[in-house]
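> Assemble the complex: chain G is given as a structure, and chain Y must be docked to it using the hints.
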Amino acid sequence: MFLQNQDEVDQALSRVGYLPSTEITTTVFLATKLEKPILVEGPAGTGKTELAKALARAFALEMVRLQCYEGLDESRALYEWDYRKQLLALQGSADQEVSSIFSADYLLERPLLAALRGGGEKILLIDEVDRLEVETEALLLEVLAEFQVTIPELGTVQATSKPVVILTSNGMRELSEALKRRALYLYLDYPSQERERAIVSAALPEIDDELAARLVEVVARLRSMDLKKIPSIAETLDWARSLLALSVSSLNDDVVASTLPILLKNRSDIERALKELLPRV
Amino acid sequence: MLLATLLDFVTALRAAGVSVSPSSVIDAAAALSVIDLLDRVSVRAALAVTLIKDPSSLTIFYRLFDVFFVAGAHQDPSVEEDELFDAIRDALLNERWDRLSELVGQAVDRFGGVSPERPVSGVYYAYRTSRALDLDRLRFELLAGLATQAEGEPASAFDDPDYQVNRRLGELAATIDREVLARIVEARGATEVARTLGLHLAEDAEIMHASREELRELRRIITPLAVKLTAKLERRHRSKNAGRLDFRATIRHSLSTGGVPLSPITREDRPMRPEVVLLADVSGSVASFARFTMQLLYALAHELRKLRSFAFIDEIDEVTELLGDNQDIEAALRSVAQSAKVVGLVGHSDYGATFRHFDERYGSSISATTTLIICGDARSNYHDPEQQHFRSFAERARATYWLNPEPRGYWDTGDSALASYAPWCRAVVECRTLRQLEHFVEQVL
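Residue numbers (numbering that gives the first Met the number 0), protein chains in the order written: chain G, 0 to 280; chain Y, 0 to 444.
Pulled out of the complex, with its shape left as it was, chain Y reads as follows:
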């Protein structure tokens, strides 16, 4: 019975994109045989450490765990209907989360109107429950309650009542979702519910269509990726120079073995700082992608010293300093939007004009040690692609890569000018998800 649940759980994890190896499943089963199965937190920990192998899968793991291993009994008949509101308010005020679960469970039973036949998602029931609880009144009473609690203490910005109330209401919303979920699972079965949740890893979110929430999540992953990319570039530069014999040091060292040079000593050249030039399309057609590439640029700007970054629409402007000086990404993005001159006459992407301007003004910055990376969809609104300019600097660079946020099938359709530029690139890579970017960093670069 338990094993069957475990296997269903693993199937759901895999369906959401989390890779779980067979040996992990065996470990998980072995783990369940030695721990106390009635202790839900232990069971969760045991499954997490055996099944999950990277932090970005943990969020999905927790969501699905709530579906497959539903929390226990949640009935508490001691509260009368008209006292429910007050009871929930008091639980929030005193941060009694266990009690809150019980109470919210009751509220969901009463107001949610969960009926298994209706094919609506949990959001509807959660909405009905929170509407019945009258959140405005709750907020007001919580503010009042906190004010009474805080009386007499020195006032501090950290007592900020709005922050406190929002935190607690956030907890309430999460509890409602959990309780609703538990009831739907009861009615429809875990596997079915897991399927309708539509979970996927942040790495697999399509950047072009990512929600704000997802972009935020991506940002957490992108900095480590920039670190990885930097390390990768540095290592490659270094490996070319490593391993030259340091003759003097080898002889000196061999004295301790009677003049026999047992261990040759090699001199490692100082790691070279990689030179990278990045051109990013920031036009409206790739708005989400642009935001994402700017985040990547920002992360890189703080890792790579020899990075020059440029943003363009139909004009190109250097943004290296705007990104590098600003310590805060939001401010950096704002200043790019305000002070970088990326729009010329038209305001629509014009790759031809962009590359001509780049070649004229910054062409000299490209040398045989430069890695050139272009991020954009190559949709040029039927302007002249002017590939001779692109060719002139792309050929001079050590390597040129093109990251395209569009699905491969759309390339070279309509106003896409990709075909005009692709011959001068070492690789044109589809880059719609973070996983693809990661793949690019690890395999292609």
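Only chain G is shown next, with the shape it has when bound in the complex:
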């Protein structure tokens, strides 16, 4: 992917409905220039996975996704030999040479290999990389640094065109230095009020500006409180949609009090917000 400057990223992403901050556009631009993966960390619901999806849409790239989980291993992440096919081949012809069953025909591609092979520019999303065990994390290093995979029986598979790589993490555990060093580190925090207002307006063009502004203000205040689960952008949007569906045109205390459960998922959080923000209701 060749980019001239950050504005290109900004325009492309905005076109597909993802409003990026300067941090985001700069990071994406630098990732393509320096050919480095982007490691995105931050609280849930701030648009980490969404960024990868939006980039795929914005630049019409094929997206390959590797969802990480504890216990994910080489055969699920990189490649696997197709034992059954190999066995059949051996049984089919008795004089089959043993070496020939380790060829590309018997290779099952898994996401990491798939992202490197085949034509066309791709985007590789490695989702929730913090769920991997520390030992498995090392699997990724070769792909991330050299854009290649070494298969002992076949040799090294080099990427035909380097994919844009996005790793996301919820910070469940500290990632290894080796991984962090290879990537640009983007910390996606909750958006500023201005940006969140723009996000709401972009997602729901029919929303009244005044309502959007007040709604974002309420969310910002909730975030400044000491709650167990702070509302994310996703919840702001849910709330905005609900208010539109209820044809609410202005936000008063009663409306806020009755729709608060859309924003806050915890009974104690709701009680607390009501007590602190709306003592009169």
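Calculated directly from the structure, the hints in this document are not laboratory data. Warning: the hint list may mix true and false statements.
[What the hints assert, rightly or not] Partial list, computed: chain Y residues near chain G (C-beta under 8 Å):
no., residue
1, S20
2, S22
3, S23
4, D26
5, V33
6, L57
7, Q105
8, P223
9, V226
10, S255
11, T256
Note that beta-carbon positions come from the ideal geometry of N, C-alpha and C, so glycine has one too.
Frame of chain G; chain Y shown alone:
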């Protein structure tokens, strides 16, 4: 020139405790060569994503960035001296932050009396500036201004004028600090100023002497740490049981490969819930540390199901339910202070009596699967340490750890009874900063 600034900047980051690897510096330099250097926000973003690798360093990064990459011109001669106050008020009222910077820059020039020779810190200049601006009058006029703006709209608690005014005045104070800083940097040089800021990572703050602000900051980091600790304990329990061959499943699966068991299938036992018992000293001598350990207990109580926590001074009481039921940490801490019986006769720490009571009343809760963690300075005010009680339950536990908030050099001096207990602990760990606690979780546990 730019490269030199970058290197100075990196040096200052490292001095504040942020680890920056050489390859990150190379990335940063490469990044600066491809972006528009006149766009300050882009430069900041480019440096942040290349140099910084964890969120807790970001605050320091932003502070130092303001020192090394000072914001541009800030002179606006269009405002007369007697109009400055009104202009600042209007900028605040309409939330025009750029304009505010310009105006505050002028105010600092006029009232701050910044002189480079004087070795005073920026706080003094900031104070002089805000005093000259008469914050009381400003607050009053802002309240009045907001009331006029809000007229006609439905009244809502969210319009809370006090909140709005405080938010704006907070912005003003931050702007004053920034402008003062910019002027001091001009006079003394970035490296010099960075050194005097005394920045350090929240992880490195000494818990015993942490300010309220720092304790608050610590709280943000402590919940992830509790999650990490839980995961660590669970994983260790699990790894012991993982990997037993599931014979039936292996044979069933091998049918697809003609009866050859190519991939053995192992049965994973259900993860065991870890059992942890935590004893925390909450006496006055370790007040900040106690607050911190209670926060840790609170965070853990919501992560670990099989956790029993106890608080003590010279009496010990179980606080598991007080912490677990309360959804809000402040309320939880209050209820511990009010309803837990942690003070017996004396009200000073008495580790001997505490351990005797614990052994008598709760000793049976310790079994071979229990991990026992004690948080305290072991300062027992010269009471009898009664180590036989400690020994009786500590030996029964799977492992016993002692977290001590005192510097290692102070251990076993004066009334510290640590030596009486240390032999029964698998490890006694200095735990003065969050980083040390993290180290304990990752390396020792």
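> Please go over all the hints and tell whether each is borne out by the structure.
Results for each hint:
1. S20: 6 Å, holds
2. S22: Status holds, d = 6 Å.
3. S23: 7 Å, holds
4. D26: 6 Å, holds
5. V33: 5 Å, holds
6. L57: Hint on Y:L57: holds, closest Cβ of chain G at ~6 Å, below 8 Å.
7. Q105: 26 Å, violated
8. P223: Constraint on Y:P223 satisfied, holds at 6 Å.
9. V226: 6 Å, holds
10. S255: With a minimum Cβ separation of about 6 Å from chain G (threshold 8 Å), the hint on Y:S255 holds.
11. T256: Since chain G brings a Cβ to about 6 Å from Y:T256, closer than 8 Å, the hint holds.
Of the hints listed earlier, the one the structure fails to meet is number 7.
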